[in-house]
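Chemist: Produce the complete structure using the sequences and hints provided.
Protein chains: 2
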Amino acid sequence: MTADELIAAVKFDERGLVPVVTQDASDDTVLMVAWANASAIRNAFETGRATYWSRSRKSLWVKGETSGHFQELEEVRYDCDVDTLLYRVRQEGPACHTGERTCFYRSAWRRGRE
Amino acid sequence: MTADELIAAVKFDERGLVPVVTQDASDDTVLMVAWANASAIRNAFETGRATYWSRSRKSLWVKGETSGHFQELEEVRYDCDVDTLLYRVRQEGPACHTGERTCFYRSAWRRGRE
Numbered sequence: 127m128t129a130d131e132l133i134a135a136v137k138f139d140e141r142g143l144v145p146v147v148t149q150d151a152s153d154d155t156v157l158m159v160a161w162a163n164a165s166a167i168r169n170a171f172e173t174g175r176a177t178y179w180s181r182s183r184k185s186l187w188v189k190g191e192t193s194g195h196f197q198e199l200e201e202v203r204y205d206c207d208v209d210t211l212l213y214r215v216r217q218e219g220p221a222c223h224t225g226e227r228t229c230f231y232r233s234a235w236r237r238g239r240e
Numbered sequence: 127m128t129a130d131e132l133i134a135a136v137k138f139d140e141r142g143l144v145p146v147v148t149q150d151a152s153d154d155t156v157l158m159v160a161w162a163n164a165s166a167i168r169n170a171f172e173t174g175r176a177t178y179w180s181r182s183r184k185s186l187w188v189k190g191e192t193s194g195h196f197q198e199l200e201e202v203r204y205d206c207d208v209d210t211l212l213y214r215v216r217q218e219g220p221a222c223h224t225g226e227r228t229c230f231y232r233s234a235w236r237r238g239r240e
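Respectively, the protein sequence lines represent chains A and B. One rule links them: number in the numbering used here = place in the first sequence (from 1) + 126. One rule links them: number in the numbering used here = place in the second sequence (from 1) + 126.
It is worth saying that the hints were derived from the structure and are not from the lab. Because the structure is a prediction, the values reported are computed rather than measured. Be aware that a few hints might be false.
Claimed, not checked - No farther apart than 20 Å at their CA atoms in a straight line, the calculated lysine to any residue pairs in the SDA-like style are these:
1) B:K184 / A:D207
2) B:K137 / A:S182
3) B:K137 / A:W161
4) B:K184 / B:D139
5) A:K137 / B:S233
6) B:K137 / A:K137
7) B:K184 / A:D139
8) B:K137 / A:C222
9) A:K137 / B:G194
10) A:K137 / B:R141
11) A:K184 / B:K184
12) A:K137 / B:S180
13) B:K137 / A:P145
14) B:K184 / B:E201
15) B:K137 / A:D139
16) B:K137 / A:R183
17) B:K184 / A:E140
18) A:K137 / B:R181
19) A:K137 / B:H223
20) B:K137 / A:Y231
21) A:K137 / B:R183
22) B:K137 / A:G174
23) A:K184 / A:S233
24) A:K137 / B:R168
25) A:K184 / B:W161
26) A:K137 / B:C222
27) A:K137 / B:S182
28) B:K184 / B:P145
29) B:K137 / A:T224
30) B:K137 / A:S180
31) B:K184 / B:F138
32) B:K137 / A:R181
33) B:K137 / A:D207
34) A:K137 / B:T224
35) B:K184 / A:D209
36) B:K137 / A:L143
37) A:K137 / B:Y231
38) A:K137 / A:C222
39) A:K137 / B:D139
40) A:K137 / B:L143
Modeler: Structure, rendered in structure tokens:
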């Protein structure tokens, strides 16, 4: 599938964005959730690097561009409703800006401990 | 952490919703992405069953209530910015309404096949 074919199929929200779940391809850890627009998808397909749209900076965000913690794409998947993407990546260094490997490093509830 | 503590910390969007990634606790497959509001979080904590907010039906959505394909919660995690949740679940039957195990059953791009 080309980037344009995926972009034509995706149901972007009213801001032109689609949520992206990023998963480590080496062990299936969920690393982060961010957003993509059409440009981010196009850049991801062309460069093989996980690319998002930064809502705070309002600009294309190639993960790792400033930190060096790039995410080399292994695969881009899409869900049944075509309103969410899944990036499967090889993560350089930690994914989280806190230095943790995954952004989901904290637990709110566990079975048997509630 | 209580449901009220998590709800107080979560940065809900302008609709009062937060995205939820749902992951199979048995093998870390990403099953689906949906949305939760405060009521959904409260119900999930109280019942131990993955609960969402259905944007189309505008109602609380206990996954499996109609299909029988319940998701027994193992853990609720939250990300660094507290604007995304991760439900780790034991999934009964398929997660996807198409009958596929995961909603992310289709690939748009793979390294080396672009």
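Chemist: Where does the structure disagree with the numbered hints, that is, which hint numbers, in rising order?
Modeler: Per hint list: 6, 9, 11, 14, 22, 23, 24, 25, 33, 38 violated.
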